[in-house]
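Novice: Chain residues, written in single-letter form:
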Amino acid sequence: MDIETLYALRSSSGLPSHPAIFLILLVLTWALHMIAVHVMLGSTALALTGAFSSNAHGRRLAGPMLDTAKVAVSIAIVIGVAPLLFVQVIYDPFWYVSNVLSARWAIAFIVVLLVAYWAMYHHYFVGKDGGSATSRWSLALSLALLLAAGFIMHALASQALRPELWMAWYAPEGHLETAGSGIHEFNLGRFLFFIVLAAPVTGAWLLGCRRYLACREQSDAPYLEWIASLGNKLMTGGGFAALICYAAWMATLPDSAAGFPVSLWSIVANASILLLIVTPALFRSASGSYAPFATATGAVLLIAIAREALRHRILFGTHGYELSTYAINLDWYSNALFCLTFAGVGGFAIAYSVAISWEAGKTPGIYTASPRVDRLGGFALAALLVWIAQYFFVGFLVMAR
Amino acid sequence: MENTTEILGLYPTWYQPALGSGWVLGIIAVIHVLASHTSVGAALVSTWLATVAVRRNRPELLEYVRRYGVFLLVFSYVLGSITGPGIWFSATVASPRGLSALIHSYVWWWATEWVFFFIEVVGIYLLVYLAGKVDGRSYLKIAWIFGLASWATMLIIVGILSFMMWPGQERWFTEGGTLDGFFGLYTFAQILSRTCFMLMAAALAGGLIAAYIRDGAFRLEMTRKLAWVGMLGAVLGAVFFQWGLTTLPESAQLLMKTRLPGSFVPAMWAILSAIVIYFATLLLRPGALNVPLAAAMMAALLIFGIWPEERARESMRKPYVAGQFVYSNQIIARDVPALGVKSELPALESRGMLALHPFIPEHLRRIGEGNALEAGHALAIVYCSNCHGLGTTGTRPFGEMFAGNRDAADIERFIKGALVTGNMVNMPRIPLRDDEAHALAQFIASLPLWHSITR
Chain A
1 MDIETLYALR
11 SSSGLPSHPA
21 IFLILLVLTW
31 ALHMIAVHVM
41 LGSTALALTG
51 AFSSNAHGRR
61 LAGPMLDTAK
71 VAVSIAIVIG
81 VAPLLFVQVI
91 YDPFWYVSNV
101 LSARWAIAFI
111 VVLLVAYWAM
121 YHHYFVGKDG
131 GSATSRWSLA
141 LSLALLLAAG
151 FIMHALASQA
161 LRPELWMAWY
171 APEGHLETAG
181 SGIHEFNLGR
191 FLFFIVLAAP
201 VTGAWLLGCR
211 RYLACREQSD
221 APYLEWIASL
231 GNKLMTGGGF
241 AALICYAAWM
251 ATLPDSAAGF
261 PVSLWSIVAN
271 ASILLLIVTP
281 ALFRSASGSY
291 APFATATGAV
301 LLIAIAREAL
311 RHRILFGTHG
321 YELSTYAINL
331 DWYSNALFCL
341 TFAGVGGFAI
351 AYSVAISWEA
361 GKTPGIYTAS
371 PRVDRLGGFA
381 LAALLVWIAQ
391 YFFVGFLVMA
401 R
Chain B
1 MENTTEILGL
11 YPTWYQPALG
21 SGWVLGIIAV
31 IHVLASHTSV
41 GAALVSTWLA
51 TVAVRRNRPE
61 LLEYVRRYGV
71 FLLVFSYVLG
81 SITGPGIWFS
91 ATVASPRGLS
101 ALIHSYVWWW
111 ATEWVFFFIE
121 VVGIYLLVYL
131 AGKVDGRSYL
141 KIAWIFGLAS
151 WATMLIIVGI
161 LSFMMWPGQE
171 RWFTEGGTLD
181 GFFGLYTFAQ
191 ILSRTCFMLM
201 AAALAGGLIA
211 AYIRDGAFRL
221 EMTRKLAWVG
231 MLGAVLGAVF
241 FQWGLTTLPE
251 SAQLLMKTRL
261 PGSFVPAMWA
271 ILSAIVIYFA
281 TLLLRPGALN
291 VPLAAAMMAA
301 LLIFGIWPEE
311 RARESMRKPY
321 VAGQFVYSNQ
331 IIARDVPALG
341 VKSELPALES
351 RGMLALHPFI
361 PEHLRRIGEG
371 NALEAGHALA
381 IVYCSNCHGL
391 GTTGTRPFGE
401 MFAGNRDAAD
411 IERFIKGALV
421 TGNMVNMPRI
431 PLRDDEAHAL
441 AQFIASLPLW
451 HSITR
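Protein sequence lines correspond, in order, to chains A and B. Letter by letter, the first sequence follows residues 1 to 401 of my numbering. Letter by letter, the second sequence follows residues 1 to 455 of my numbering.
No lab work stands behind these hints: they were computed from the structure. There could be a bad hint or two in this list.
Derived list of chain A stretches under chain B, where covered just means 3 residues or more per stretch with a C-beta under 8 Å from a C-beta of chain B [what the hints assert, rightly or not]:
hint, segment
1, 5-19
2, 97-111
3, 339-346
4, 373-385
We put the beta carbon where it would ideally sit given N, CA and C, even for glycine.
Turn these sequences into a full structure, and let the hints steer you where they fit.
Specialist: So this is what it looks like as structure tokens:
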């Protein structure tokens with residue numbers, strides 16, 4: 001596909017804001033989505049190994065990891081909606097073509113994810129206390145399907161970066177192939193890299209859990225030590241594995257990305273992985289620490305930026321596709337609506353939700369909200385009511401105009 | 001002035017011969033509507049019940065809210081949160097430019113809805129896991145934040161769906177701005193009718209949980225409460241739905257009257273009556289509630305209520321798929337001066353689809369003696385396959401069109417008389433050049449032969 005065609009495939013409706021804003025949000029929300037995905041995969045894997053393990057600590061950890069996994073799937077899906085939205089806005093030519101060419105897989109993604117989620121719930125309800133063999137295998141099925149869903153997303157993202165091959169995939173030997181049944185492009189090194197990152201991120205999560213559980217009364221010191229040790233091992237060992245996968249990915253990049261492995265952004269990605277490896281040594285704390293998870297989040301964000309730089313190198317460097325030339329039809333109201341809702345309503349509501357669940361989790365018996373937490377809830381509720389009021393007010397104004 | 005565009009921004013086509021890509025999208029959308037309507041309605045009902053539970057200090061009611069929440073988590077939120085993006089995925093592959101038109105105009109509204117969706121999902125977890133673990137005042141705040149955020153997701157989606165059907169204000173085409181596309185009378189009619197139907201769906205789902213309550217008196221109380229909610233939701237929802245239909249333009253109403261099967265209106269009244277009778281029965285004899293009955297009513301709502309309603313909505317916006325400017329076959333058919341959008345029909349009329357579509361193999365760009373059938377197939381894929389099966393399967397299959405007539409000349413006459421001129425109210429105008437009309441007619445006439453060759 002030449003550049004004129006790629007530009008023609010852009011939406012003629014244009015964008016309601018500058019593309020750079022969507023690009024920043026895409027990278028940021030994708031990084032957050034991946035953090036949730038990594039915790040989801042890691043906690044599911046720990047729940048699964050715990051369910052099959054004879055180690056008492058491992059079996060004990062399986063329960064809270066299953067609870068974590070359930071919530072993490074939800075959070076991964078919810079956060080994942082945002083990058084899915086933003087990628088369609090600025091990379092529509094690439095995303096839509098890639099999806100159509102593998103349409104059956106794009107649809108299968110939904111079914112695969114659905115079965116994975118329900119299989120996890122099946123294990124939760126049927127095998128809560130250790131689990132029957134069947135329910136354990138349903139958890140194994142869940143993990144396998146989550147990985148399959150990840151592979152489909154990986155393939156769609158990879159295909160989007162090969163516009164020079166689209167026509168060969170859509171019309172092999174010149175004849176239209178409209179079934180959308182093929183997976184046309186994937187890179188095992190790249191896929192494994194993003195999957196293996198689950199190990200250090202989950203390791204960091206465990207170190208945070210260690211810190212959180214230490215606040216509770218009657219905490220079990222040997223169990224907590226075991227969790228901390230496992231977290232450290234996952235961070236360091238998983239970090240090394242990620243480094244190997246990253247090297248395998250870089251060694252197999254297509255010609256359109258030539259030179260990227262020695263670029264500044266690739267160095268940043270390598271440094272981020274090294275940071276994950278040395279984090280346990282940097283934040284040694286007897287009672288665990290939240291700092292490793294914050295560090296892991298920062299590292300994944302840097303990797304997300306490097307990933308975006310790779311996309312830029314391929315789409316701009318090879319194909320000449322410039323984001324900044326996207327037509328803009330500025331819409332002030334919807335720009336302001338999102339910013340204010342995100343900061344005002346979302347900020348208060350999520351802060352309140354985190355604060356109250358955090359405090360309630362640490363408190364034995366019934367937790368009574370502190371004045372500060374209670375006030376936060378009041379602000380969240382008020383912001384929601386104001387939002388709904390403005391919706392109808394603005395709506396009636398538009399109608400009356 | 002002749003349009004000198006070299007290439008149009010048309011995507012490749014996914015052709016699904018068994019069901020049709022539209023049906024794949026439709027099935028996912030209908031499942032999503034059931035799950036999302038149930039979850040929003042249930043959020044409102046849960047908020048109300050949690051308020052009563054806390055104010056009157058009724059732990060058994062709080063336990064009902066918690067169990068209802070667990071059911072919602074496993075059913076509505078798993079199904080709803082996955083089929084929500086699932087609609088995007090299926091629309092991406094079935095109707096990329098239709099989805100793109102919506103996304104590019106309403107990206108910030110969708111992002112705003114995402115904020116509420118996030119609050120809602122966190123809220124349902126808090127509602128379930130903090131039941132009985134936080135003080136009553138805090139639990140009420142959690143319930144109200146959850147309920148209002150859930151309703152706000154609907155407020156946004158309804159506006160986008162309204163735009164999809166018909167921009168709220170005619171001036172949107174010339175002045176632009178998302179507000180004029182978003183708000184119209186139909187938007188408000190939908191808010192009312194959908195809120196009521198959501199409460200009805202929540203009452204049906206709530207019955208499934210109530211049927212498991214062991215305490216007889218409490219079970220009867222909950223059954224009656226839910227029956228009242230469901231009854232009011234069904235009756236008021238039907239009233240607002242009727243009002244919503246009157247707010248649509250004449251052409252949409254004409255399409256509804258002429259293009260929907262005759263059984264549609266009676267079927268809608270039948271399912272509504274069945275649901276009202278069901279709730280009335282529960283009011284008079286709450287002991288009649290049981291799990292199979294409640295589950296059967298949920299299934300009936302999905303199959304006989306939501307599916308035809310969604311199909312009707314799709315039919316009424318024909319031949320457009322979004323904002324009355326993108327055809328269902330992905331061609332931009334109307335100028336939207338405010339956005340700088342130009343109709344692609346003039347360019348297609350003068351230069352032809354095969355010359356302008358980026359995903360046409362080079363040997364099909366010009367029609368000759370040796371490629372007419374294949375060129376006709378490519379034209380059918382691009383122009384027709386979104387709504388028609390190109391054989392004997394799928395929706396409205398070509399094999400059943402033209403009353404079995406396989407005379408190429410007759411078919412070509414029909415194409416030129418009705419489609420090229422845009423004389424069919426529910427179909428897009430198909431601005432084929434003479435050679436293209438001939439090739440398409442040849443392809444349709446040769447369908448049995450084509451299938452035997454390509455099998």
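Novice: A separate judgement is required for each hint: does it hold in the structure or not?
Specialist: Hints, one by one, checked against the model:
With 11 residues bearing a CB less than 8 Å from a CB of chain B, the segment 5-19 of chain A meets the requirement of three and the coverage assertion stands. Only residues whose C-beta sits within less than 8 Å of a C-beta in chain B count toward coverage, and the segment 97-111 of chain A has 9 of them, enough to reach three; the restraint holds. Given as covered by chain B, the segment 339-346 of chain A passes the check, having 4 residues with a CB less than 8 Å from a CB of that chain where 3 are the minimum. Using a Cβ-Cβ cut-off of 8 Å, 8 residues of the segment 373-385 of chain A lie near chain B, which meets the minimum of three, so the contact claim holds.
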